[in-house]
Amino acid sequence: MTDLLHIDDLEVAFQERGMLTNRPVRGITLSVAPGEVVGIVGETGCGKSLTALAVLGLLPKGAVPSGRILLDGVVQPLDGSGSARGDVISIVFQNPGTAFNPVFTLGRQMRDVVARHRRMGRAAATAHILHYFEQVGLPEPERIFRSYPHELSGGMLQRAMIAMALLCEPRLLILDEPTTALDVTIAKQILELILSLRDRFGFGVLLITHNLGVVREVCDRIAVLYAGRVVETGPADAVLKAPAHPYTRGLLGALPARHVPGQPLDAIRGAVPGNLLGLTGCSFRERCPLAIDRCGEIDPGLAPVAPLHEAACIRAGAR
Amino acid sequence: MLRFLASRLGTAVLVLFVLTLVVFVMSRVIPGDPAVVYAGPKAPPEELARIREKLGFDQPLIVQYVNYLGGLFTGDWGNSLATKRPVLDELAIRLPATLELLFAAMLLAVVFGVVLGVVAAKRPGRAIDGVIRFLAIGGVSMPAFWLGLLLQVLFVGRLGWLPATGQFSTEVEYVSPVAHVTGFPLLDSLLTGNWIAYSDGLAHLVLPAVTLAAYPLGLIARMTRASMLEVLGQDYVFTASAFGLRDGLIRWKLALKNALPPTMTIVGLAAAYTLTGTFFVEVVFNWPGIGQFAVGAMLAVDYPAIMAITLLGAAGYLIANLVVDLIQARLDPRVRLS
Amino acid sequence: MTATTALPAFVPMGGSTLGRIGRVLRTDRLAAIGLALIVLVVVLAVFGPWLAPFPAQGYGETNVADRNLAPSALHWFGTDQLGRDILSRVIIGTGPALTISLLVVAIAAAIGIPLGAIAGYRGGWLDEVLMRITEVFQAFPPLLLAMVTVAILGPSLTNAGLALAISWWPWYARLVRAEARSLRDRPFVEAARSAGVPAWRILPRHILRNCMTPVLVQATVDIGAVVLAAGSLAFIGLGAQPPAPDWGLMVAEGRGQIFTAWWISTFPGLAIFVTVLGFNLLGDSLRDFFDPRQVKR
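Protein chains in written order, with the numbering used here: chain C, 4 to 322; chain P, 432 to 769; chain U, 15 to 311.
Keep in mind the hints are simulated off the structure, nothing from the lab. Accuracy of the hints is not assured; some may be wrong.
Label pairs and their computed distance ranges (CB to CB) [claimed, not checked]:
1. C:ARG125 / P:VAL453: 52 to 62 Å
2. U:VAL57 / P:LEU492: 47 to 57 Å
3. C:ARG125 / P:GLY624: 36 to 46 Å
4. P:PHE504 / U:PHE202: 49 to 59 Å
5. U:PHE202 / P:LEU492: 46 to 56 Å
6. C:GLY299 / U:GLY210: 50 to 60 Å
7. P:PHE565 / C:SER156: 39 to 49 Å
8. P:GLY614 / C:ALA130: 47 to 57 Å
9. U:ARG43 / P:LEU492: 50 to 60 Å
10. P:VAL606 / U:PRO256: 36 to 46 Å
11. C:ALA130 / P:ILE758: 28 to 38 Å
12. P:PRO476 / U:GLN271: 39 to 49 Å
13. C:SER156 / U:GLY33: 43 to 53 Å
14. U:LEU117 / P:VAL453: 19 to 29 Å
Note that beta-carbon positions come from the ideal geometry of N, C-alpha and C, so glycine has one too.
The shape of chain C in the complex, shown without the other chains (with noise of 0.2 Å):
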């Protein structure tokens, strides 16, 4: 079966006046098959954004991007200039409060999007809408769709947001930070929303999240990013049970739910390099309890740990 989304090598710098200023994507791959949901895990900074925007071909101004992204099996323009966005793929931002456009209504904003994709009359449009609402469990579909987004609550918004990715029967959807904006229960029942939503229609997600309990409650697969490279991928039950990256380990470590009182967090030291030019060696070996002197010698690649499960670290295993 061929990958729903393939990215090979993926790279991002930031040119100024055709000066070289930053590389924050070192060579990002990753792939997605219908149906499943994949998760991008990382602090901020460490390049998880900027993927999802150079698959979108949304990257800000200045950004020089390189490598291939396939949408099944297609090359996809890295410009931006492709059609697949909104349509084949679609996106849904972390804060619903503020991605919806306040003087207009949700149903005018989703009816904007079906004509850009779908030739369509003004009736169907808005009984396609409507059906959408009420697929993502939107109460009081017809009200919604007159209503502004500053009248509806932040969970009612993020349910229409999906709702809007839907519209075009995406492929892939992307889902940024889905649930940091909400409430916990609210957050609970978004996600379990997407789950159903995935069963019904099969698209494949990208689930962009620094929340490790997210990514255990949804997730099939997870790649954890640090430093603009994906440093540990696999199964996420088996890299959440035996992660095999220090830095993973650090961050399941700093997850306050494991954290036994007394004892004090075992939070990982420092911060992301804030620029990656000119790195050499491991990238993480400035904060890593294990680095050795090898470390800093040798820049490692992903290497198997574990059938499906691989970790780009020298000392992998190591206590």
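Start from chain C and add chains P and U according to the hints.
Just chains P and U now, with coordinates in the frame of chain C:
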């Protein structure tokens, strides 16, 4: 909605009341004898005394003020000292011409100001942005009376394309006079299908309207640019592009509707500048409106006329701001009028 | 009321104001043009009597034999209906135009700043009263109040300046009040207050000093605006009177011959435009730089 209007009108009435007081006191306390203005500098003392009595200048100030206020409500705003006719009549016959000029100028200013602002915001810091910025600042730096004269030299004197002054050519009155429908001459000529008068009136309107529009156009263009730039950085604009919507639709409809409310605030202010702008533009183009009458009244120290113009100007400003608030409420569903 | 955008307070930033202005000039070409125009106008104002080719005519001496001459090598800007060299009159007119403008802005600021600072810092009924007063002033369309005042006082340059100052101060009062209000609750002011520093020392040290940047930016724009306003008043006869070398008056004097001798009105008007443009270009850039979100008034 009604409550908003009522409270706004209440404030307006209060402000106007204070204005009457201020202007009245200013006009009576400061030296200068209105009777002399009325009768002429060579009038004998008995004549002046008679006029003082007739116009009530011999009574105590407070009585004069109460009489004046009472007159305001009953439609007696006093007689112009210069023309000896009721001030209200003088203003009423001139108001339509001024309003047509104001409307044309504001229409030009809003349409072109908004378009230039959106275009400038498309490429901030680039050449086109710099050119538009220079034009906008040039517009607000331009003395209207001078711009009017320059346009006359070019389009009337050199090119001969447009008429220099007035609202209609004199011949129109004989060939194809404008019938009275609404009282607005250009509108009436259009409504009655009087094409001779309409095209003539339109040709006369172009130069004064453009002259009057320069200042508000510059203000509106700058404000639209600034608020567009702010809106374009918002999440929902990014959402729109993430859903593949076209750049033109995003800028000219989705973002612009968000950028317009702050722009409308400046439109109210621009309209106020335009109100005073008519004074100068009407003088330059001999436009038969209130502005020209006002300048004459001020030079002649025609108290009743000056006071009426002041009140009318302030009322016009208040109305302009009220209209702006109503438009803002229509544009932005989050604004509640209360 | 509608949702109006409050003027955001200027954040007291590090670095000297002058240093930051220098940065604006280096990065912004239009600001540099504006400053160049201002320098030109100031040089003409100061050295005008020595630079003008016919200084006596600049002050009003007539030369009827040479009237209405078109621009030439001898008279770059031509001559007017009384034979006076227009270039000389434009140059000599620079001094009074700038002086009156500076005076008006200085008086308006001198009235408005203390009132605004006290109202904003103290709040309460004082604030209420002052704001109501400024609202009445601002209920007039711009310039109308000044025109009425000049009409009543009698037209002259002095009265025009007085009238403009009277109608201008409320803007400074409101500007400073808004700043003072937002500064009042800042930690450094509260610290001073809780340490028992009296208001009369807090106001100049903490409030006024931090208000200076927006006030200076506003003043830059206003100097140009007053040149324009004074010229406008003179044009309709409510300002300087003949034979003063006033730009607005000169435009009015040439109006009758605009189709036969365009230069008489054109060059004095150009002088107003260039002066106002200079101050507006610089002021606009400074405002963008110090606070891009502030609403232009």
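- Query: Checking against the hints above, which ones are violated?
  - Reply: Those not satisfied: there are none.
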